[in-house]
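**Q** Residue numbers (the working numbering), protein chains in the order written: chain A, 1 to 366; chain B, 367 to 758; chain C, 759 to 916.
Where hints are given, some of them may not hold.
Capping the alpha-carbon separation at 25 Å, the derived lysine to aspartate or glutamate pairs in DMTMM-like fashion look like this [claimed, not checked]:
no., chain 1, residue 1, chain 2, residue 2
1, C, 790, B, 439
2, C, 774, B, 567
3, B, 560, C, 802
4, B, 552, C, 802
5, B, 552, C, 822
6, A, 347, B, 418
7, C, 826, B, 435
8, C, 855, C, 822
9, B, 639, A, 92
10, C, 774, B, 566
11, C, 826, B, 439
12, B, 685, C, 864
13, B, 685, C, 878
14, B, 712, C, 864
15, B, 679, C, 864
16, B, 712, C, 822
17, C, 790, B, 523
18, C, 855, C, 878
19, B, 560, C, 799
Calculated from the structure, these hints are not laboratory results.
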Amino acid sequence: MILAEVVPLSAKLAVLMADFVGASPIWIFHAIGSLIVAVGVLALVVTPVGLGGVYLERKLAGRMQNRSGPNRVGPYGLLQTLADGVKLLAKEDIAQEGADLPLFRMAPYIVFLAAFAGFVVLPFAPGVIAADLDVGIFYFLALIGLETIGIVMAGWSSNNKWSLLGSMREVAQVVSYELPLGISAMVPVIAAGTMSVYGITEAQSGHIFNWFLLKDGYWAIVMIPSFLVFYVSSLAAAKRAPFDLPEAESELVAGFHTEYSGMRFGMFFLPEYAVMLSLSGITTALFLGGWHDPFGMSGEGGTFHNVWWWGLIWFFLKATILFLSQILLRWTLPRLRVDQVMYLCYKVLLPISMVCLVVAAAMRLI
Amino acid sequence: METIQGVKLNEGERAAPVLPRDIQSDELVFNMGPQHPSTHGVLRLMLRTDGEVVLEAQPLIGNLHRCCEKILENLTYVQGLPYVDRMDYLGAINMEMGLVLPVEKAAGVEVPKRAQYLRVVMCELNRVISHLFAAGQFGLDMGAFTPFLYMFREREEGINVLNEITGGRLLYHYIRYGGVTRDVPKGWIERCLKWCDRVDEHMDEYNSLLTYNHIFLNRTCGVAVLDKETCLDYGVTGPILRAAGVPRDLRKDMPYSCYEDFDFDVPVGPFEKGVAGDSWNRHRQRLREAEESIKIIRQALKNLPEGETQHPKVTRAWKAPAGEAYVASEAPRGEISAYFVSDGGKFPYRMRMRGPSFYNIAVLETCSRGLLIGDLIALMGSVDITLGEVDR
Amino acid sequence: MLSFRQWAGNVWNGLKTTFTGLSITVPYIFRKPYTLQYPEEVPEIPTTERGLHNFEVDLCIACDQCAKICPVDCIAIEAEGKGKFARMTKFEIDYTKCLFCALCCEPCPTECIHMGPTFDLVGYTREEVIINYADRENPRTFSDGEKLPYEIVSFARK
Ligand code: SF4
Ligand code: SF4
């Protein structure tokens, strides 16, 4: 609903501008208009998401380690990440000698773009979705692949061997986790009969046993393992420990972003949290019933049927719980080795997800 | 891979692609350190790798060289002691022990019993602190941040205990020729015992959070194995040697400073996971030894004899009579010893120290062939070197 | 080759130890932090702490004993007169060199140099961390009779 009103805004802006300037091809103004809207959305939505994520991570990490975490800037250190952002903005942007400058400069933008474009297909609440694509899940998985290209560019162009190793590891990781991620995402697709994320969420309408994770009619037998597979692969996709190999700081200094400084580093840093959140969101939509509450109040005939803010609350509650679990895991587990990531993905996650897929298909037929 | 192992690489020289393969793949030459996060100080490693596989790792040392031995030969006896603290700064009291034992033996000084017991207590306290640091640091190298800080918490408490008696937090300057600087203050013994209980309590936490974690086991079991023969060939000592299955501990084998009075074990095995001499067993060995050390502390504090803490003849202006001696003792990282010659003058005539890390670091070169970079970090973390003492 | 049993055991072990780990780390979130917030909460410094020196300038007889025993020669003394009537004009300790070994406190015949509890000293230049204790305007100087802010632990020995 919100976004549905926002999107035509760019068209309105374009018409206004075209009127103001006079004769010119209208598409230029459309482009400028959407740019302005995009910047506005970035400033209003993305920044709080990223900053909140960073703050949560640092605070939780601190408390888990018997420290207090950020507590200086603002009440409870809430403004700490903002202060860090300002610091990053004010820092000098250094490119090292011998770096492949065009690629070096472009890489953070690609990562940033890919990370935030994932939000487009997330159904936050009934009616609140930027673009209800028919192949929403494919779009999402493709964007995760796109992020990798940015990372490889960064590692290649930095003229630093540690960065190169980091990006090589990222590629090795991508080819391993993408298969189980994609295949386990197909299980809810089979159950719902659609690839649109919105459609999948709608198919889970009703109380908790309509959610795909615990769906009755024995669906839970395939859903719980494929949920676990999807969750573990999404940890790998977000480059979180125990899969933080591309930036393993005790092995590769800082991995692919060793040579980045200032806001360009920030452009790598912020998307990490955006990816975490969007992956939590898609997991919620695929397995945990999306915006539906566990009591069936948002289902057909429920009290809050099609009330967007009620859906929004539940969606963010579930996504935040997944997000927090990612943080808790990161600060508990050691890091895997590069061959162990492949072992895990190919020999553990892939067979489980394949079996689940076959069983799910069979169940659908029966 | 085998064909290029023999090729030596000079500094700055680029490796020639000598792989007799259909696909020519270039080797990478990495300069790991001195500012790398997990080289534990200022160690510099020249790595020759094929992708992630290490073909050769050459430790290049000397960045922290301070001429410790020569300085000792140019200072009076009492002035020299604070310097050895700076060798292995994580096991400072054990370093002092390594220096004073040969000098006292050469001079024939009989140290009062109470001072000997206090020395033992301090050495073992420092050993526990050092092992906690090493185990935590190893966890950090393996990507587990949280156990590192948990271990640091107990280490911090231990440092406070030591601080209360010695006045220093890292470089204690506690042991003197013929005794120790200071007797125990009031209430210190209770505080120390309380700390021992605390470490014992938390040992389970470390083990289940880090040591027996499935990922950690996979990362370290059977990785970078240093077997008995390699260890003995290279003169490797300390927990690394014991983790390889050789029960050599100087505290048991050649007791010094009343170690024969205490009842403690030299834990060798059981090698529950992995194989003897791998990274995991080195890590486990440290934690086991820390528990044994706590036993010794408890016994020593219980039976602390009354009496002097300083030999009355050994004053500030004391000079060792002519003579020479070599005594080895057990530091957290292995055998620390000194060969000492005196001509009866104001300064020691010759002082040569044998630090354990210097010998332990030598195995990096042989042991690192064919490891992945992640395993190399496991090797370095579990060998646990202090660069201050390698370079001296 | 792994048998299916071993494979399943591996997966089960991985899950189990992960939850063991979480059961240790997560409760810490609800406990009080162990750390101190440094500038506001100062850690308890034991009286034995070998921090920056405390020097009682009126007691010093400029005998140079402390400068002689210092292993790094970081004490520089200048005085007018000798013995009891000495008036110190300079008693500088160079903290870029000092080892905080407390050896200088031992030979002092009048016990006027002690190790103090101050553990922090910062400066932008090296000159800023060279302290002249004989500078009468310097607040670090403790004169005779005035109460020291902490209990002195004597390092004086034979
Ligand atoms: S503490 Fe040691 S190094 Fe510092 S001034 Fe005194 S004797 Fe010299
Ligand atoms: S030893 Fe004592 S009296 Fe002598 S110069 Fe030093 S501080 Fe002054």
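**Q** Now, for every hint given, state plainly whether the structure supports it.
**A** Each hint, compared with the structure:
1. 790/C - 439/B: 51 Å, violated
2. 774/C - 567/B: 22 Å, holds
3. 560/B - 802/C: 17 Å, holds
4. 552/B - 802/C: Given pair residue 552/B, residue 802/C holds - Cα atoms ~16 Å apart, limit 25 Å.
5. 552/B - 822/C: 34 Å, violated
6. 347/A - 418/B: OK: residue 347/A and residue 418/B at ~21 Å, within 25 Å.
7. 826/C - 435/B: 21 Å, holds
8. 855/C - 822/C: Status holds; Cα separation ~18 Å.
9. 639/B - 92/A: Not OK: residue 639/B and residue 92/A at ~49 Å, beyond 25 Å, violated.
10. 774/C - 566/B: 24 Å, holds
11. 826/C - 439/B: Between residue 826/C and residue 439/B the Cα gap is close to 17 Å, so the pair holds against 25 Å.
12. 685/B - 864/C: 17 Å, holds
13. 685/B - 878/C: 36 Å, violated
14. 712/B - 864/C: Between residue 712/B and residue 864/C the Cα gap is close to 19 Å, so the pair holds against 25 Å.
15. 679/B - 864/C: Given that 25 Å is the threshold and the Cα spacing comes to 16 Å, the pair holds.
16. 712/B - 822/C: 19 Å, holds
17. 790/C - 523/B: Given pair residue 790/C, residue 523/B holds - Cα atoms ~16 Å apart, limit 25 Å.
18. 855/C - 878/C: 15 Å, holds
19. 560/B - 799/C: Given pair residue 560/B, residue 799/C holds - Cα atoms ~24 Å apart, limit 25 Å.
In this structure, the earlier hints numbered 1, 5, 9 and 13 are contradicted, and the remaining ones agree with it.
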